[in-house]
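Q: Below, each chain spelled out in residue letters.
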Amino acid sequence: MHGVANQLTGAPNVLFGMDPLVVSLAIFVITYAVIVTERLNRAIVAMLGAGFMIFSGVLDQHAAFQAVDLNTISLLTGMMVIVAIAQKSGLFQYVAIVAAKAVKADPWRITLMLAVVTAVFSALLDNVTAVLLIAPVAILITNELDQKPYPYLFSIILASNIGGTATLIGDPPNIMIGSAADLTFMDFIANTAPVAVVVFVVTMVPIYFMWGRSMRASEESRAQVMAFNEREAITDMRLLKQSLFIIALTVFGFVAPAPFNHEPGTVAMFTASIFLLLRAFGRPMEDQSHETHRAFSEVEWVTIFFFVGLFIVVAGIERAGVLEIVAEEIITLTGGDLTLVALLILWASAVLSTIVDNIPFVATMIPVINNLGSTFSPDEIMTLWWSLSLGACLGGNGSLVGASANLVVAGFAERAGHRIGFVQFMLLAFPLMLVSIVISTAYVYLRYL
Amino acid sequence: MSLENLTLTTAALRLKPDQPLQESITAMIAAGLECAPVCDGDKVVAVLSLDDVLSDLVPVVARVDHGLTDLAFAGDSLHLLDKQLQQRLTLTTGVAAAPVGPQNVLKIDCPILEAVFLLSRRSPLPVIGPDGELKGMASSADLVRALIKRQEQH
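If you read the sequences in order, they're chains A and B. Counting from 593, one number per residue, gives the positions in the first sequence under my numbering. Counting from 221, one number per residue, gives the positions in the second sequence under my numbering.
Quick caveat, the hints were computed from the structure, so don't treat them as lab data. Please note that a few of the clues may not be correct.
Said to hold, decoys possible - Think about it this way: if two alpha-carbon atoms lie no more than 35 Å apart in a straight line, the pair counts; the simulated DSBU-like pairs of lysine-lysine are:
{"id": "1", "chain 1": "A", "residue 1": "680", "chain 2": "A", "residue 2": "693"}
{"id": "2", "chain 1": "A", "residue 1": "696", "chain 2": "A", "residue 2": "833"}
{"id": "3", "chain 1": "A", "residue 1": "680", "chain 2": "B", "residue 2": "303"}
{"id": "4", "chain 1": "B", "residue 1": "303", "chain 2": "A", "residue 2": "693"}
{"id": "5", "chain 1": "B", "residue 1": "355", "chain 2": "B", "residue 2": "369"}
{"id": "6", "chain 1": "B", "residue 1": "303", "chain 2": "A", "residue 2": "696"}
{"id": "7", "chain 1": "A", "residue 1": "693", "chain 2": "A", "residue 2": "833"}
{"id": "8", "chain 1": "B", "residue 1": "369", "chain 2": "B", "residue 2": "263"}
{"id": "9", "chain 1": "A", "residue 1": "680", "chain 2": "A", "residue 2": "833"}
{"id": "10", "chain 1": "A", "residue 1": "740", "chain 2": "A", "residue 2": "680"}
{"id": "11", "chain 1": "A", "residue 1": "740", "chain 2": "B", "residue 2": "303"}
{"id": "12", "chain 1": "A", "residue 1": "740", "chain 2": "A", "residue 2": "696"}
Predicted model only: the values in this text are computed from it and were never measured.
Please work from the sequences and hints to get the whole structure.
A: Put into structure tokens, the structure is as follows:
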């Protein structure tokens, strides 16, 4: 998306001389509507939408390829490869068990610790992986403690989205925003992490009053959890050490000063390659191929192609001038008042991210904010990026469909015999999400406006 | 060549669907059986295997997709196993046993290659006729014996 607006110039040559604005908008609306219905795989829909943008003549292939933000794609793919290899080490289960034992297997403190662990992992890895690794351990612990798993899973879901808000790589919207606005890992640490910490603390308070204060476990069952041997969770010590080294190297790459600073996509791809090399080193060719093939096969290609398709669909409406009109309408509606624009973006992105996937929304909003650059100064535009990031990431907590991690935990819990109801989840999650947006509003207002 | 050409073992035990699970398991262990058909009259309606009984004791989080792949860290967890077994033993055999399906029964007209394939994964298995009636039991030993005998004859 970065710089796409400048590259996609020239009038589109649309089939049968149709109006490019109407054609691109129709393709965009139909694509997004089908994605929202969740009746078809979202990657298929986005790729088809991208195809229609090209075949209708709104974009040519060259413009479509230029629209794909390779920094975002590289960052996502590189991190997915790193996670695919590292998760086999047992590192994440190890940390979860240590956390549970550190609080003497007290049910409420375990809830809190698992939420903290999930938030930290979600900040450093992708949310879906973090919850997929923590939720099974959480359910086993609740089985041992004779506790209902719901409060634990509820906290894990919310923590993953809050943790993801804190960093550049924590949540896909941040990856896209960071790439589009040339924001660094440290920019996010300085701007979204503080509010994420406050939101996390405030979110855990009602959870304590709702469930935590009445959680009780027998001495016998707590002793069972205390008997867990975290060392047994580590399946491969060499891999564990390599994983820690690569994760540290990747984070260093994100925060490194010149001359080591590079785009996040380059850093993630490079450290993923080093990780693959470490795994292959000294092994027979057949094992190398097997290990490399396995790591690549675990990349979530559906997500990657979903992004590719979306970038092209959004570039279509951008080239036809639709997003320029949207930007002008925002200015008209708010009278060009930065406070109103920032709060509009924050609240609209939060509410919409509760209802629909936040990725398509952010993909659309990025060029809209870029278009607002003619009205606002670069510093003011920065406020809008943080508003979009906070709204889109925290909005994911509003309902079960708000973020992929929510659906993944709900799906896993159901398979494990603990169904999480849509309404049951939303009754508490939606008000908590609104509280987090109120906090974000105060933060944006006090810090940037 | 199909299972029809084989001499099947007579089923040493026929369990009833309303029989308590504990009673069925005790009878199977006493008869030295790993697997027994659950019959409604002459018809096989389910199959009870000790493997399934054991697998039901594994925490669900380790039995589902993306679940735990290793439970070594959890220690003996006898508390969990006891609780799970206690719950299972309150069931009747018909509820606890796995319903008849291609994985746990063989049809009498099953070609021998398919029988080799299925019995290599789980043995013994009940053999049923066209109307689901019990014809006997087939085991890996029955099949290997029949195949060796065939070699010797040729």
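Q: Against each hint, give a clear statement of whether it holds in the structure.
A: Evaluated hints:
1. 680(A) to 693(A): holds (22 Å)
2. 696(A) to 833(A): holds (27 Å)
3. 680(A) to 303(B): Judged against 35 Å, a Cα distance of about 30 Å means the pair holds.
4. 303(B) to 693(A): holds (23 Å)
5. 355(B) to 369(B): holds (22 Å)
6. 303(B) to 696(A): Holds: residue 303(B) and residue 696(A) sit about 23 Å apart, inside 35 Å.
7. 693(A) to 833(A): holds (22 Å)
8. 369(B) to 263(B): holds (31 Å)
9. 680(A) to 833(A): With Cα atoms ~12 Å apart, residue 680(A) and residue 833(A) stay inside 35 Å; holds.
10. 740(A) to 680(A): Since the Cα atoms of residue 740(A) and residue 680(A) sit roughly 28 Å apart, the hinted pair holds (cutoff 35 Å).
11. 740(A) to 303(B): holds (15 Å)
12. 740(A) to 696(A): holds (19 Å)
Violated hints are absent here; each numbered hint is respected by the structure.
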